[in-house]
Amino acid sequence: MADLPSDLVVAGVAPAADEAAVAKAGGWWRGRLGVTVPAVMVAFIFGLCFIWPIIGPVPPPTGGNILNASLPAFSPGHFLGTDPVGNDEWSRLLYGGRASLEIALAVQAIGLILGGLIGAVAGYLGGWRDATIMRVLDVFIAFPGLVLAVAIAQGLGPSELHTIWALSFFSVPASARISRAATLQLREQTFMTAARLSGTSFPRMVLGHIAPNILPQLLTYALLGMGIIMILEGALSFVGLGVPPPAPSWGNMIAQGQSTISADPRYVFLPSAALFITVVSFNLLGEGLRARWVTQ
Amino acid sequence: MSECLLEVSDLRVDFRYDGQVVRAVDQLTYSVRRGQTVALIGESGSGKTVSSRAIMGLLPPTAKVTGSIRFDDIEMVGLSEKAMRTQRGRGVAMVFQDPTRSLNPTMRIGAQIREAIQTHEKASRGTAHDRALELLELVRLPAAQERLQQYPHQLSGGMRQRVMIAIALAASPKLLIADEATTALDVTTQAQIMELLRDLQQRLGMALIMISHDLGLAASFADEVVVMYAGRAVERAPTQMLFAHVRMPYTRALLDAIPRLDNASHAPLAAVPGQPPNLALREPGCPFTPRCPSSTDKCRSHAPAFEEHEPSHLWACWHPCEDGVRL
Amino acid sequence: MSSTSAPLSAPLAARAGRAGRLAGSPTLSFIVRRLLAAIPVLFGVTFLSFVVMNSLPGDAAQELLGAQATPAEIHQLEIKLGLDKPFLTRYWDWLHQAVIGHLGHSLSSGQSVASILGSDLPVTFELVGFAFVISLALAVPLALVSARKPNGVADRLSMMFSMAGLSIAPYVLALVLVYVFAVKLNVLPAIGWVPPGQSVSQNIRYLILPAVSIGLGLLCFYTRLLRADLLGQMQGEDYVVTARAKGVRPWRVLTRHALRNSLFGLITVVALNLGTLLGFTVVIEDIFGIPGIGHELLQAIDNRDIPVIEGIVFVFAVIVVLLNLAADVLYSVLDPRIRYGRPTE
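Protein chains in written order, with this note's numbering: chain A, 2 to 297; chain B, 111 to 437; chain C, 51 to 395.
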């Protein structure tokens, strides 16, 4: 399976297969452009959410004065206005972004490392061990993901950390499937046989030989998955889980904004727009990288 | 109505690839008369397949074709796609190398043959079905009725290739191009298919271009042989003449590489040493130079012209082989 | 189905291999095998959900009685509900009841879980089914138009549109739609549900916004998937060259050869995607106040209503597994390479 393992399908990410052939024909998103532009956007968003609040004039996202409640955009000192309890909306947007991004990064990192290892081990070992691991993963994949996440987050109580936990149940099996598929492809190559024959130890095989080779592929899919995870985090917030207010995350901002949508839609639209732009950037970046890598 | 059914003149095919231009076919010239069999012989990458696809306009959009291909008095280079489609199947048809992949695995044989028929004729399903039966009988496929209902994977390789031939013949083409049609088959089946092709050709008055890397096959079935190397024609002559008076060292090497029964046992197999050149790098001089036992400095710097040095016998070489001398 | 690198064809290679060994009736033994393989997964899923529900902090009895309850009262209720028995016993008890269809009773309302499911499932099915059918119906022509001229105007537009659609969170879309159509334009209702039994036209009115919220993402996803597979075939498969060599028109090659193969593979994809889809349905039902399974689940989780949660999770999981199985079976029935087994010489 050269292009798309079934889990990305599970994750709802569609392939851009044969972009290589299309790109070779002189098509759109010529190579570099397809990666550079989204990469810059992603970097910009990260910079805005993580670095700007530290160095720039951004008021704190919580603890606002109720007297300043619901100020409109372009009010002095609050260029996006304030929320119904007086917190600066621009600040909430930035800090909310930071929370959402942190969660997504953590979830994907856990998925990458843990899932990647599990998949690589399963793919490399083969046989009954592989089959067992795959069955277990199948159970997680068959289980309606969001339901599981909701249950876990509910049981553990809403918090950023618990949200990360809950969403990892989703990213680890997905990543494991990809890693396993990539390892299976790799296993048949000559250098692997050579290493095996020269008596390389098992951990060294996995970490030293398999890992570096499947990493580009895993990273690309991790990037593609960032968008889904951020959207899922929002979904959790909707059902009262995820990051607990008053600390903002884009997800809980959207959920909270729902109640005032007729009166003042900006509380929903601002974080929604931010989420949308971010997800698009990650998706474009992931696809751009994948098109490049498929060309290789 | 000219004598020549197909006239290829100075054909050039370039591919745009990743900013580079690869010339897959260079200044190819040959012709095919009605009812004649011409063999295009060469290694992979010699341009034989690309040039034949150019005749039918089946190249990908990255290909740029210049020169002239006159088929039945129609200029094929630059022909509109619509006009080209009329020719495909009806004027020129092709049989491909791998019948497994060349047939749609989820479509019944009958449907695939009927498609070939109904594309060029207004025939009802029933008429097309009968015609498909006739075609299968023409290619000597037993149990034709059953076969029509079956799927490709239910047939053996040789049978599938017969089906491919039947499909190619559906609209009664004047020229059939067999692109490595027997390469994927075992030797016995290969012989059967070639015999079938020859028989069909004589019965239907069809011209045949057989593309192969197998000079031995050409010897048995072709009227004229064109040897290609690195996208160029390097030798061309009627079959008897070619084998009697081989001139190009490359052709000579190909001939010598054919295992012969009268060689001493355990004598090493003569293979053509070296690799075909990288078509992206266009060097001046003859492309065969690095592998040629007769090459000199002149060969490296000046490409010899492909000319008729003896009646009906063309080649491009500064140091052609003498008669009777083995390299 | 395309046999090179197109993703949709991947399961086929494995199946074709297996099928090669089967004689006689490949489909039947295939079905049986897949069914058997699905059973451990079902066990695993139900067990997992039971574990998750029961090892989380928080007590059902406590929830029901409220904060003022004394430990003695809580303990009594626990015994009454059977919550004091050992874990595995409870799981086993529950499981073999569930398999027959006795899913117990809601701890909060006393209503039988089976009847709750009975009234909620059709609602969710209608919603999801509607979204699915519409998105698939639109995705096919969109993908065909895109694949017809890759990098053409239509293609680029549809790719941009589908990228945007994929990047919108379903709940965001839901809120935007509500704002535009319900609040501002006031043409469609924001919340609520009318069953088709009562009024078909009203039913559809209430269905549109939620179905679009779910359906848009699906549409974009299927379009991209189909387009990629169609292009993969058109550019990579030999039978496409054969078809062209016959003089077949490009549109016909696309529809008669490539599309039918792609649609086969799509079946498997749809099944795999289902889990995520059901997850989002939960949120959408919540936003639109639709009395379906998702809504029920959220309430049950809030109330720690374990039998209901278990029932819903069980049914969800069974549905997902069965649908996967159905996809496999359908695939094997439709693909002639499996259906007709080995070549006859």
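In short, the hints are calculated from the structure, not lab data.
Don't be surprised by glycine CBs; every beta carbon is placed ideally from N, CA and C.
Any given hint could turn out to be false.
Stated by the list, open to error - Simulated pairs of lysine-lysine, DSS-like, Cα-Cα distance not exceeding 30 Å: (1) B:K232 / B:K284; (2) B:K408 / B:K284; (3) B:K232 / C:K234; (4) B:K192 / B:K174; (5) B:K192 / C:K199; (6) B:K174 / C:K234; (7) B:K284 / B:K174; (8) B:K232 / B:K174.
As the list claims (entries may be wrong) - Listing some non-contacts, in silico: residues in chain C with all C-beta distances to chain A over 10 Å: (9) S99; (10) A214; (11) V226.
Each hint, compared with the structure:
1. Note on K232 of chain B and K284 of chain B: the hinted pairing holds, with a Cα-Cα distance of about 20 Å set against a maximum of 30 Å.
2. Only pairs whose Cα atoms come within 30 Å are accepted, and K408 of chain B paired with K284 of chain B is rejected, the gap being roughly 43 Å.
3. Distance hint between K232 of chain B and K234 of chain C is unfulfilled; the C-alpha atoms sit about 57 Å from each other, more than 30 Å.
4. For the hint linking K192 of chain B to K174 of chain B, the alpha-carbon distance of about 18 Å falls within 30 Å, and the restraint holds.
5. Our distance criterion of 30 Å between C-alpha atoms is met by K192 of chain B and K199 of chain C, whose separation comes to about 16 Å.
6. In summary, the hint linking K174 of chain B to K234 of chain C is not supported, as the alpha carbons are separated by about 56 Å, beyond the 30 Å threshold.
7. Only pairs whose Cα atoms come within 30 Å are accepted, and K284 of chain B paired with K174 of chain B is accepted, the gap being roughly 26 Å.
8. Taken as a hint, the K232 of chain B and K174 of chain B pair is broken in the structure, with Cα atoms around 34 Å apart against an allowance of 30 Å.
9. Here S99 of chain C does not stay apart from chain A, with its beta-carbon only about 7 Å from theirs, under the 10 Å limit.
10. The claim that A214 of chain C is not at the interface with chain A is violated, since a C-beta of that chain comes within 10 Å of its own (minimum 7 Å).
11. Listed as a non-interface residue, V226 of chain C fails to keep its Cβ farther than 10 Å from every Cβ of chain A; the least gap is roughly 7 Å.
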